[in-house]
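A.B. asks: Sequence:
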Amino acid sequence: MTNYGERADYRSVDVPSVLEISGTESLSEITRRHREKIAQALENPLGLDAYVVICGFSDEKHRIRFSYHRWQHSSEV
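Counting along the sequence shown from 1, when you hit position 20 you're at 20 in the numbering used here, and nothing is skipped either side.
These aren't lab readings, by the way, just hints derived from the structure by calculation. Among these hints, one or two may not hold up.
Distance ranges between label pairs, derived from CB positions [stated by the list, open to error]:
| # | residue 1 | residue 2 | range |
| --- | --- | --- | --- |
| 1 | D59 | T31 | 13 to 23 Å |
| 2 | Y4 | E60 | 33 to 43 Å |
| 3 | G5 | D59 | 29 to 39 Å |
| 4 | I21 | K61 | 15 to 25 Å |
| 5 | V15 | R65 | 17 to 27 Å |
| 6 | N3 | V53 | 17 to 27 Å |
| 7 | V13 | S58 | 30 to 40 Å |
| 8 | P45 | Y68 | 16 to 26 Å |
| 9 | G5 | H62 | 23 to 33 Å |
| 10 | V13 | E60 | 11 to 21 Å |
| 11 | D14 | F66 | 11 to 21 Å |
| 12 | V15 | D59 | 32 to 42 Å |
| 13 | D59 | Y4 | 27 to 37 Å |
Bear in mind the structure is a predicted one, so any value in this text is a computation, not a measurement. Quick reminder that beta carbons are idealized off the backbone N, C-alpha and C, glycines included.
Start from the sequences, fold in the hints, and give me the full structure.
C.D. replies: Shown next as structure tokens:
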């Protein structure tokens, strides 16, 4: 588990990365939710890479989207 404010759900003790997991009952929301969670996870104050998992659950079918994203420092001017 991460601490409050670290912008992700879990932090690895073995690999320098965070994990953000989310789910939705509306498959049409998966892409939007995925983008939002990528942005959120990469805002982690630890400067760690991020894994993002989005699960979509519906009566028709289920989908899981899994992705890896490298953290990049962005300097604001």
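A.B. asks: The structure should be examined with respect to each hint, and the outcome stated for every one.
C.D. replies: Structure-based check of each hint:
1. D59 with T31: 13 to 23 Å: holds, 20 Å
2. Y4 with E60: 33 to 43 Å: holds, 36 Å
3. G5 with D59: 29 to 39 Å: Given a distance of about 36 Å, which is inside 29 to 39 Å, the answer is holds.
4. I21 with K61: 15 to 25 Å: Check passed, 19 Å falls within 15 to 25 Å.
5. V15 with R65: 17 to 27 Å: Distance hint for V15, R65 holds at roughly 20 Å.
6. N3 with V53: 17 to 27 Å: Once the Cβ atoms are compared, 20 Å apart, the range 17 to 27 Å for V53 and N3 holds.
7. V13 with S58: 30 to 40 Å: holds, 35 Å
8. P45 with Y68: 16 to 26 Å: holds, 19 Å
9. G5 with H62: 23 to 33 Å: At 32 Å between Cβs, range holds.
10. V13 with E60: 11 to 21 Å: Violated, at about 38 Å.
11. D14 with F66: 11 to 21 Å: holds, 18 Å
12. V15 with D59: 32 to 42 Å: holds, 36 Å
13. D59 with Y4: 27 to 37 Å: Distance hint for D59, Y4 holds at roughly 35 Å.
When held up to the earlier numbered hints, the structure conflicts with hint 10 and nothing else.
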